[in-house]
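Below, each chain spelled out in residue letters.
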Amino acid sequence: MTPRLRRRVFLAAAAVAGAWLLWGLTGLPDYGVYNGPYGDVLNRVAVAERKATNVVASVTFDYRGVDTMGEEYILFAAVLGVATLLRAQRDETEQPPDEDAADRHAPATSNAVRVIGLGLVGPVVLFGIYVVAHGHLTPGGGFQGGVVLATGALLVYLSGEYVTLRRVSPEVLTDAAESVGAAGYVAIGLLGVVAGATFLTNVLPLGRPGALLSAGTIPPINLAVGLEVAGGFVLLLSEFLEQTLVIRRPGEVT
Amino acid sequence: MIVLEVTVFLLVAAAGTAVVLTRNPVNQAIVASFYGLVLGIMFLVYQAPDVALSQITVGAVALPLMILLALAKVRALEGSRRRDDDR
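Order-wise, the sequence lines are chains A and B.
Going by our numbering, the first sequence wraps up at 254, each residue one higher than the last.
Going by our numbering, the second sequence wraps up at 87, each residue one higher than the last.
Hints are computed from structural coordinates only; laboratory data are not their basis.
Do not rely on the hints blindly, as some may be mistaken.
Stated by the list, open to error - Not the full set, but computed from the structure, chain A residues with beta-carbon under 8 Å of chain B: (1) S110; (2) L154; (3) L241.
The beta carbon of each residue, even a glycine, is placed where N, CA and C say it ideally should be.
Using the sequences and the hints, build the whole thing.
So this is what it looks like as C-alpha cells:
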C-alpha cells in the first residue's frame, strides 16, 4: 500500500467516523440535564437502605458488588501477568542494585528529596488508611486508599534505595496482602450465601448512617480491596524495579 | 461556576494536546502525569470526588511511574544491544 493510498483510506474512514460521531453528539441530552432514573432513585433510597453516606460506595460495593469483584480480579490478573512477564529469565542474572555496583556511582539522592520523601511517608500511609476506612462515609474507598498506601512504598524508594524498599515491603507480605484481599472479597460475598441469601448480600448489621462502623459489609469489602490494591501496586512497583535495577541480561549495561 | 467549568475544560484540552505534542517519552510521562492531575481536577469540578481520587492516584502517579520504569528497562536493553554491535 503506497503512502498516498493509505492516506486516502485514512481520510475516508476518518470522514465516516467523524460524521457518525457528530450524528451521535446531536442526540445527547442538553448540558447538565440528567434523564436516567437510577441516580434519582438511589439518591432517595440509598442512605436509608444501606446506611452508607457515600452513595457511590453503596453502588460499587453493594448494589453492584459483583461488578466491582470482577474489576478487582481484573487488577489481580493484570498484576499476576506483569509478575509473570517480569520474572527472571534463564539467561538473566541477578546483580547488586545499581547503587551498589562497583563501577557505577548513581547520583546520591539529595537531602531535600530524602527529607521531604521520608517526612511524607507517615502522613501518606495514614491518609491511605483513612481513605480505605472511610470509604462508606466520604469519597474514596479501598481502591483509591490502596493506591495511596502503595505511594508510601514509592516514597520509601525515592528517598532511600531499592534495598530499603524491599526491607519495608517484603515479597511475602505484599503477596499475602494481595491474595488475602482478593480472597477476602469473595469470602465476604459468601457470608450472604451462608446466611441463606444470595452472594454478596449485605448481611452484617447496618448501624447508624455516618458512624465509622456502619453500612454492613461495605467497610470490610473496602478493607479487602484496599489490601489487594496496595499489595498489588507495591508488587508491580518492586517487580518493575527489580527488572530495572537488579536483573541483567548478559552484557547489559547498568 | 461556569467560568470554572470552561477553564477546566480548556486546561484538559491543552494538557491533552501537550501530551500528544511531547515527543520524548520521558518528558511525555511527566506531561501525562500533569494531564492526569488536570483530569482529576475536572472530575472534582463536576462533583465526582470518588472518580477524581482514582484519577489522581492512577493517572498522576501509577501510570507515569510504570512508563518511567519500563523506559528505564528498555534503555538498559538498548545499551546492551549497542554494546553487542560494537563487538
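Hints and how they fare:
With a cut of 8 Å, the hint placing S110/A at the interface with chain B is violated, because the nearest CB-to-CB distance is about 18 Å. Nearest Cβ of chain B to the Cβ of L154/A: about 7 Å, under the 8 Å cut. The hint holds. Checking L241/A against chain B: minimum C-beta separation of about 7 Å stays under 8 Å; hint holds.
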